[in-house]
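Engineer: Here are the chains, one letter per residue:
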Amino acid sequence: MNPTLKALLITLALVVAGALIFPSSYYFRVGSLIWINTISVTGIVVLLGYVGLVSLGHAGFFAIGAYAVAVLPGYGVPSGAALFVGAAAAGLLAMVIGRPILRLSGYYLAIATLGLGMLIWMVLTKESWLTGGPDGMVVAGFNPRHWFALVGIKMKSTEAWYWLTGLVATIGVVLAVNLGNSPWGRALRAVHDSDVAASSLGVDVARAKVVAFAISAVYAAVAGSLLALANGYITPDTAGFMHSVEMVTMAVLGGATTVYGAIVGSLILTALPQVLTFVAEYEHIVLGGVMVATMVAMRRGLVPALGDLAHRLAMRGRSK
Amino acid sequence: MTLAKLGACATALALLTAAPALAQIKIGASLAVTGPASFLGDPEAKTLRMLVDQLNASGGINGEEVELVLYDDGADPNKARTFATRLIEEDEVVAVIGGSSTGATMAMAPLFTQAEIPFISLAGAVVIIDPVQKYVFKTPHTDKMACLKIFEDITKRGMSKVGLISGTGGFGKSMREQCLAVAGEAGVEIVADETYGPGDADVTPQLTNIANTAGIETIVNPGFGQGPAVVTRNYAQLGIKLPFYQSHGVASDSFIHLAGDAAEGVRLPATPMLIPDQLADSDPQKQPVVSYIKDYKAAYGEAPSTFGGYAYDAFQMVVAAIKAKGSSDSNDIRDGIEETKNYAGVTGVYTMSPTDHLGLNLTAFRMLEIQEGGWVPVE
Chain A
1 MNPTLKALLI TLALVVAGAL IFPSSYYFRV GSLIWINTIS VTGIVVLLGY
51 VGLVSLGHAG FFAIGAYAVA VLPGYGVPSG AALFVGAAAA GLLAMVIGRP
101 ILRLSGYYLA IATLGLGMLI WMVLTKESWL TGGPDGMVVA GFNPRHWFAL
151 VGIKMKSTEA WYWLTGLVAT IGVVLAVNLG NSPWGRALRA VHDSDVAASS
201 LGVDVARAKV VAFAISAVYA AVAGSLLALA NGYITPDTAG FMHSVEMVTM
251 AVLGGATTVY GAIVGSLILT ALPQVLTFVA EYEHIVLGGV MVATMVAMRR
301 GLVPALGDLA HRLAMRGRSK
Chain B
1 MTLAKLGACA TALALLTAAP ALAQIKIGAS LAVTGPASFL GDPEAKTLRM
51 LVDQLNASGG INGEEVELVL YDDGADPNKA RTFATRLIEE DEVVAVIGGS
101 STGATMAMAP LFTQAEIPFI SLAGAVVIID PVQKYVFKTP HTDKMACLKI
151 FEDITKRGMS KVGLISGTGG FGKSMREQCL AVAGEAGVEI VADETYGPGD
201 ADVTPQLTNI ANTAGIETIV NPGFGQGPAV VTRNYAQLGI KLPFYQSHGV
251 ASDSFIHLAG DAAEGVRLPA TPMLIPDQLA DSDPQKQPVV SYIKDYKAAY
301 GEAPSTFGGY AYDAFQMVVA AIKAKGSSDS NDIRDGIEET KNYAGVTGVY
351 TMSPTDHLGL NLTAFRMLEI QEGGWVPVE
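Protein chains in written order, with our numbering: chain A, 1 to 320; chain B, 1 to 379.
Worth flagging that the hints you see were computed from the coordinates, not collected in a lab.
Please note that a few of the clues may not be correct.
What the hints assert, rightly or not - Lysine-lysine pairs mimicking DSSO-like chemistry, simulated, CA-CA at most 30 Å apart:
| # | chain 1 | residue 1 | chain 2 | residue 2 |
| --- | --- | --- | --- | --- |
| 1 | B | 134 | A | 154 |
| 2 | B | 26 | A | 156 |
| 3 | B | 161 | A | 126 |
| 4 | A | 126 | B | 144 |
| 5 | A | 156 | B | 134 |
| 6 | B | 294 | B | 134 |
| 7 | B | 325 | B | 341 |
| 8 | B | 156 | B | 286 |
Claimed, not checked - Label pairs and their in silico Cβ distance ranges:
| # | chain 1 | residue 1 | chain 2 | residue 2 | range |
| --- | --- | --- | --- | --- | --- |
| 9 | B | 303 | A | 20 | 47 to 55 Å |
| 10 | B | 335 | A | 279 | 56 to 64 Å |
| 11 | B | 302 | A | 3 | 57 to 65 Å |
| 12 | A | 81 | B | 297 | 40 to 48 Å |
| 13 | A | 130 | B | 133 | 20 to 28 Å |
| 14 | A | 279 | B | 297 | 26 to 34 Å |
| 15 | A | 282 | B | 155 | 37 to 45 Å |
Stated by the list, open to error - Listed next, the stretches of chain B that the computed footprint assigns to chain A, with coverage defined by at least 3 CB atoms under 8 Å from CB atoms of chain A:
| # | region |
| --- | --- |
| 16 | 71 to 77 |
| 17 | 349 to 356 |
The C-beta atom is built at its ideal place from N, Cα and C for all residues, glycine as well.
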């Protein structure tokens, strides 16, 4: 089957399945967080999985999207348009900053992106006339319920948010898969394996890196906008270092080489803390344990490892 | 495989959130028990657990047992909002205490308003109760009140020209803005306004600047954590003779330990929890303060902080509301909390009204002076 169509069907099926089995608004709320995380982690997959670049500053782009929908409506821009402005701003910033810092690689790049994230966090914390400072700010009311009501579907706000985030995540996943299988995507993967080999084949390595960086920034910003609108309140913590690490962790846990890894990673790391509230004191031990086990037993992440396993079993079945 | 996993997660969630049938009245809480704000959430959570145990041991409320459903939001508004949904939908609590931080509180408040569940926040900012929201209350005094209290003491001592040196963290920043806003109304003039970063180890340049300002009579330091201790030490090193005020943000014994001898003579507004033995027997807050400190020490082997006191008052007001109304219906509890009159808690004496969901006035603060390494009330 065409991989793009396959991605569309799988993601849509997951969105629908969730809606069918969730018994209450609370599950829909956790579900929408999973899809929001899927969007930002898909961006990480494009950057880390396709091109092999580590960013520890993506929470900064996430926060640009979040604060765009928080700040701009105060100046007369509708929330929906603000989302696009935020995404464009994040993409643009990534392109401008990407030029110099993507010349770095490995740890140096990670530190440079970390610095970028910190700078954005500092601006959000200090400029309280605009951002409300460390206490954060209220995001103007926005409810996708009304959109669904326009086409005659009545549902609760949390359900509407679930569907909206699920559909946006589906679009994001499909676009990422499509990119991965396009000539551009193959160029990106070539850069992943070797800068030199890729450039000898005619790939503009610097440009490929900048474009991937910008694309992943746009993903993060869209996820940030959705989260801010869904929560109705935003604080500079969204731009914090831990949030950047969380995104990379989700990608690595699920498997950074495939967008399905993004879905599985955000599913596990979003749902697990909710399951573990009864042992809240040990939450970090369990999460750490899951990470260590994945790193040791399945170094490429859950989805690729399980894919390999299924493949091996299939081969064994055939050889008998 | 992903589907199966999703199903398994959902089943696990359903099993875990299934409540024991025993409890009658469920009270929810979402606090920053861990993370950067755990100095707030930890004593708050301990206080709530202790109070629930005590209450149930003495027969509960009107014969009904109380169950506390407590989540750790780590001061993250995003987590807090998820837990708020969970408290409403899954746990079906009748009232909620919490939000250790302003961000967490503001993210949760609209949900409780929509679900018509009374919500008492333990966070500082004014925005929580101004404008008043029908279902949202809070127990800690605001930083605006701290500024007014300090300015009141300053004018009483016949001074009016004030220098500010503020931390740039959330607390110092917010209080600085409030102090600037109410200075005129309080009859003082801010003649110098300096700031310092949270990690600064030396603020002598800023202090020298302020001390050299013409006509300056006193200096106020809105700040939190170790910063104010650094400022106080520098203050003594520079030999500045002007009266010096700290904020309620450092109202704890650890400030005296950190600042050492330099803290002598420093004044600050604080709750009566710092001076249990010096309260007059006729003081309505004497009994709650003394018994709270005694119980907390017995339960946890350490002295409670003022932050735990916020949770103490919130919980007692919920319990009083249920008792007064003879009902554990959320709307009845909300009405009961709003009708709170002269409840003497450990933080202050609360009188709520439809236009005031904090219910404290300036008398909730006592002006204390540090003398010989201890707290002395100066009113």
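Engineer: Does each hint hold? Answer for all of them.
Structural biologist: Here's how the hints hold up against the structure:
1. B:134 to A:154: Answer holds: residue 134 of chain B to residue 154 of chain A is near 27 Å, not above 30 Å.
2. B:26 to A:156: holds, 25 Å
3. B:161 to A:126: holds, 27 Å
4. A:126 to B:144: holds, 20 Å
5. A:156 to B:134: holds, 22 Å
6. B:294 to B:134: violated, 35 Å
7. B:325 to B:341: holds, 14 Å
8. B:156 to B:286: Holds: residue 156 of chain B and residue 286 of chain B sit about 26 Å apart, inside 30 Å.
9. B:303 to A:20: 47 to 55 Å: Given range 47 to 55 Å: holds, Cβ gap about 53 Å.
10. B:335 to A:279: 56 to 64 Å: 37 Å Cβ-Cβ, so the 56 to 64 Å window is violated.
11. B:302 to A:3: 57 to 65 Å: Holds: the Cβ-Cβ distance is about 59 Å, inside 57 to 65 Å.
12. A:81 to B:297: 40 to 48 Å: violated, 57 Å
13. A:130 to B:133: 20 to 28 Å: holds, 25 Å
14. A:279 to B:297: 26 to 34 Å: holds, 28 Å
15. A:282 to B:155: 37 to 45 Å: violated, 53 Å
16. 71 to 77: holds (count 5)
17. 349 to 356: violated (count 0)
Violated hints for the displayed structure, listed by number in ascending order: 6, 10, 12, 15, 17.
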